[in-house]
Structure formats: structure tokens, C-alpha cells
Amino acid sequence: MLQLRNVHKRYSGIPAVEDVSFAARAGEITGYLGANGSGKSTTMKMVAGLIEPSSGEILFDGRAVCGDWMAFRQRIGYVPEEPHLYTHLSGMEYLVMVAQLRDMDRRSAAERIHGLLRLFGLHGDRDVSISSYSKGMRQKVLLSAALMHNPDLILLDEPFSGLDVGSSLILRSLIKELAARGKVVLFSSHELETVERLCSHIVILHRGKIVADDSIERLRVLMAVPTLEEIFSQLAVEQDSDSISREIADLIDA
Amino acid sequence: MRKGLVLRRLQFRVLYHVFLLRVFDLELMSANGDPTRLLGQFAVMFSSVSFLFSLPGLLYLTGRGRLAADYGWTAEHFFIATTLTAVGMITVLNWDSVFPDRRDVLVLGPLPVRASTLFLAKISALFAASGLVVVGLNIFSGLVWPLLFSSGREGALDLMRAWPAYWITVFAAAGFVVCTVLAVQGIAANLLPRQYFLRLSAFLQAGVFCALLSLYILEPHLESPGALTAPGNQRLLAWLPSYWFLGMFQQLNGSMHPAFEPLARRAWIALGTSVLGAAAALLLSYFRMMPKIVEQPEILPGAWNNSWLPNFGNSLRDAITFFSLRTLLRSRQHRMILSFFSGIGLAIVVGYVTIFGGLGSVRTGISIALLIASILMLVFVILGIRVVAAIPISLSANWIIRVTQVRPSGAYREAVRFSWIALGVAPIWLLVAGLLLTTSPSWQVFGHLVVLFVLGTLLVELCLLSFPKIPFTCSYLPGKANIHIAFWSGLVLLFQLVSTGARFESRVLNRPLNYGLMILLLAISLAGLRSLTSARARRGAEVVFEEEYPVDLVSLNLS
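For the record, the sequence lines run as chains A and B. Each residue of the first sequence is one higher than the last, beginning at 1 in my numbering. Each residue of the second sequence is one higher than the last, beginning at 1 in my numbering.
Some clues are possibly wrong.
[To be verified] Taking CB as the label site, the calculated pair distances span: (1) D152/A x R539/B: 40 to 50 angstroms; (2) R63/A x R539/B: 18 to 28 angstroms; (3) L21/B x S200/A: 51 to 61 angstroms.
[As the list claims (entries may be wrong)] Quick partial rundown of chain B residues pointing at chain A, CB under 7 angstroms, derived from the structure: (4) L240; (5) W399; (6) V406; (7) S409.
Hints in this document: simulated from the structure, not taken from any laboratory. A virtual CB, placed ideally from N, CA and C, is assigned to each residue, including glycine.
So here's chain A without its partners, still in its complex pose (with noise of 0.2 angstroms):
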């Protein structure tokens, strides 16, 4: 189980998170919504080890994962909000040095990488540098290296992102497939359709707190409405969507 108590963080003083607590379990796919620079990507990366808590402590199975990061490391799997990757090496000689990185048996990496990526569609272009792949073919590295070791933890900010239909479709089923045997799944994603069907329990974030942690159904109990959509817009969007998008009408009219 992966546990955040009282998670802060602050840049210049300037809170990005704040008082962050909830837990995410085992076999469950836990949902991580919020508008753009509420702070999901903050606390994904907090989590991952790319940025330090200002205060707060995040556990994995009980543990305080900076107590041994190194151990912690080696049981998470990150796909991060940008695809970030080095772009003059090959899908193929990426996933070769990540798997060095992690210290992975040579063979059983090589197996597991040409597999991930014949599953993904990537073998045919796997030599091919990674600058000229699109988008979804750079979503499809990231997760590659996220899931290649066998994480327990998986950290998904975004996944879906210039995924097509087919991918998209793959994933979806991989998540729960993953879930079903017994991983964390921390899920941070815009689309509230997708993470209607696959998340079990959602925590929803506005302006770095927590406005919602429950699951969907108790959620739309509680408020009364029937769809994540609407919980989500009347938790965590400010703005009238049709007054707005009318003005810009107006404007390019004009």
C-alpha cells in the first residue's frame, strides 16, 4: 500500500501541495484528478523520487521510502506527464540502458524488452532514433520502461496522452490487468471518462489540497450527481466553460 501523511511542498515559498494524505492499495487503481497546476504532477513526482517533500512522509508498504530509496526504486514503475526521453538513442537502445540502469538479468531484459515491444507495435521501428517517433510511439516507450521490471508500484501521470484507439484500448485493459494482480496503481489522467471506468477510488486535488477521497460511488451519493464529470466540475473547475468558449467565439469573430 502506498500511503502520503501531511505531504507539503512548496517552491519559494509558494505552495504547489499541501497537506496531502490519502492511501492508495494494493489491487486498486486509484484515480489522482485535478485541474492543470493543481498538483497532481507534483506529488506523482514526489513520489517517484524526482522531487523531496518540503514536509510529510510517503510509506510503501509501511515503510518510508526515504528511508531506502535505492529498494524503493527498484518496486516503481513511472510514466511521466511529458515524454522526456533521450532522443538520439533508439526506442530500442533506450530501453536496453534502462534495463542496465536496473540492474536487470541481460537476458531476461532482452525477452522481455523484444516482447513489450512486439505487444506495443514497436518492434518494426525499434532501431529507429527516437526523435522521429510520434508522440503515442514515445508514450508506448515510457511505458515499456515502467512495466519491463515487474514493478509493485506503478505511477501512471497522464498515460493515455497521443495514444490511438487500439493502444488506448490496450492499455485500459493493462491497468486493470495489473491491478488484478495485486500492484498499486496511482492513475493521474484528464480524461474523467476513462478514469470512470477504471478507477475504483479517486482523489481529487484543487489548488494542491485534497477536495475528495472516496470512491465514485460513495462520491456521487454523497453529491448527488450522477456522473464523475459533473462531481469533478463542481469540485474542482471555477470557471463557466460556456461563457468562456462563447467569448472566445466572440473574439476570433470580432
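Starting from the structure of chain A, add chain B where the hints point.
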């Protein structure tokens, strides 16, 4: 019709401005960097050099008046060769900006911009950048020195003739080098499929850069009537463009010595050929390449798999060594900086070997010149790698190395050490070993190879002390290392040190006991440095990626 022309002119002006600012690799600049300011700084840098060059000329003008003909020719040749090399290097650095890249085509493709406008703006920006270099580099020296280069006949008209002659010559020399580089690129682009062209282009660029630098350093002094007319030098002169343009200057200046006649003719022919060649090759390749830029991937799929790659003992070594090697081979800016250092090293090596002696001597089996040359080459290559290693390839992508750190930082240090030895020490060592063992295998040669290896590893340890990070992955703090300044200011000291060391080595190579003591001393120094770097690595469990100013500098010890 008129409206269309106005629009095209406007588009040309906008694109020309954008491409001119992109002459320098803007990805190198910080987020707050201003490209216009950078361009200005380069102009100031070149004009400062010009000011320094003009000072001796001013002294001559105020003191003795006119120069002796021979010395005048040396000075004329120096300014022409310097302009030619500087413009050549700037053009080679802009190698990739001749053709529109994928980004240009994707951004400008959907806009109503004609391919011809894009082409003209690109080429104009390239020539404008070269023109700025010519003007910057000659702005003061080009005013002062031509007065000393006048034909010698009395009269203000003859005196005035030297200025246009000088400026026409330096611009013609610059035009020749720019057009030659463009023609080479255009011919390669026409003859090869785009993907092969891109692959070859990288090596061609580094090769031309290295050649320009080596030629400038190694070019012999033939600025005397005797040397210019000597039959033995005629073949050499036919290959040295700076002397052709010296001939052109003499012709334009009206101070033509008969020895310059064939050289001046060659300069005009070369200029015409390069301009026509560049225009034809570029026009043909430009419109042929435009559609392919978007359609085709930039790098050819490799025909091999990773199973043939060597195993260096552990996976971390493999990861860091192959990552570093691929970065050096595939990143333009890293390759160019390394070519710069290797070019200087190569020029010095060739210079030493040709000036101070052959490959072997009877007494030691290996000449001092070669001892010095091999050590210097090693130093230059390792220094080059040290400089480029500090420049990140893609800073935002280093998250993967951070989230996959499953070993202590000491293991990373060891892997980095191995990669530096594999990429810096081993190639030079193998080259020297191959050269010496095939020409004069002897005990002394084996002895020198041992010294070379220990020296190489010592240098690597020194680099690790000043740069305890994974190459090409860490943020860059400009001005912190000041390695370029340290390098240039230490160059003279380095020559002296290496020269003394090589002479000492040459002496002890014949005395086994002394040689053994020298190796022991080197080994002790190596062990000491190694334990120091390892102790530093043990201090921090995490690998450092962010380059930061020291705390006392930031806080001024106020807290």
C-alpha cells in the same frame, strides 16, 4: 501581384531575422538568454581580436612607416588565413542550418510561405553571419594594416587602393570558404539518400572542422619570394587557399610579384568554381530534400541488434559507456567541441612529428617528439571529453537515470571512470600502440605504452575529481568550471610540462631501475587520487545531477 511581392518581402525579412539568430545553437542558451545580445557579444569578441591585431600595425604606422616586403606578406597572409579559418569554422558550426530541419518544415509548412522564400532567407542568414565575422574580425586591423600594405608607389591613390583591395580579398576568401562548404554539403545531399546523407553529414562536419583547424595551425610559412618560387613548394601551394588569396590581394593592390601570378589566377578560378558549385548543388538538393524532410525518419534503422555489443563486466558500466559513446557520435554540439580539441591535438602531434623527428631513434627506439606527441594527444582528447561531458544532451530526460538509481553512487563513479577510460584513454592508447609496435617494436615502446596508460588513468581521476557526475546528464552552470579559460591559460604550461616529462621518460626508458621507480611513483599518485575520488563518492548516497553554486556563495554566509 504587388501585394504578393510585399508579403514575400515581409516574410523574407521575418524569416531572415529568425534564421540569423539561430546561427548559434539556441538550445545551449539559458531560458533567460537573449539571442540578439549573444550575437552582439560575438561581434564584440571578434572586434576585440581585431583591435589587438591592429595595435602592432599602429606602432609601425607611427614609428617606422612602411614594412619590409617579406614581413608585409607574412602579415597579409596571417589576416587572410585567420579570416578564412574563422569564417570556415562558423560555416561548419552552422552546417545543419543550411537546410530547413523538420521543425522548420512542420512550423512553416502550413503557413503561406514559398519554398524559395525559405531558401533565400536561410542562405542570406548564413552569408550575413559569415559577413559579420569578416567585418568583426577585420574592423580595426582592416583599417590600419592596408596602409602598410600599399604598393609602395607614392601618391594618395595608391595608398587608397590598399583598402578596397584588402576588403575585397577578405570577403572573397570568406565567400570561397562558405561556398566550398555549401558545395560539399550540396553534393553529398544530391548523391546520397537523405538518411545516408544525415549519417555521413555528422562525420563530414567534424572532419571539415578538424581539417580547417589543423590547416591553420600547420600551414607552413612560405611568404618570401624564394619560398613562393621554389619548385619544391609549388605542389603544396596549389593546395593552400590562403596563399591563393594572398596572390589575389597582391593583384588587386597593384603590388604583384611574379611569384603571385599563378596563385592569384587560382584564387579567381577557385572563387568562381565554388560559387557556381554551391549554387548548383544547393538549388538541386534543396527542392529535392524539402518533401523528404517530413516524410522520412532522420536516422536509418540499424541493421544489427544489440547482442553483438561487448559486455564490460557489469550492466551499469555498459549503460554509461554506450550512452556516452552514442551521445558523442550523434550529438552535433558535443561532436563539434570534441573535434575542436582533437583537431588542436592532431595538429600539434603532426607538427611535432614532422618538425622534431621521425617515429623512432636508434638509442631509445622511440623519439622524444613522438613521446611528447602521444602524451599531448591523450591530454587533448581527455580534456575534450571532460569539456563535452559537462554539457547535457537533454536535461529534461535525465529523470530516467534518477528514478532507476538502484545502486550506491560509488558504483556510478566506477562506471563513469570506466567509460572515460574506454572512450578517452583506450582509443589513443591503441592508436599509439598500433603505430609504434608496427614500426619499431622494442622494450622502450612497451615501457612507453605502460606510462601512457597510467598517465591516462591519472588524468581521468583528475577529471572525476572536478566533475563527479554522469557525463551528458547533469545541468550546466556556466562559468563555474571555466574550463576553457583554464585550458587556454594552461596550454603553455602544459607544453612545458609534457616536454620536460617526455625528455625525462626518454632518459629513464633505458634504465630499468629508474623506469620502475617512475612507474611506482605514478602508480602511488594514481592510487592516492583514486582513493580521494572514491571517498568523495561514498560521502553522498545519491548521484548528483543538479549543478549548484556553493552555499556560501549564494547565502554569503549570512545565515
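Which of the numbered hints are not met once you compare them with the structure shown?
1, 4 and 7
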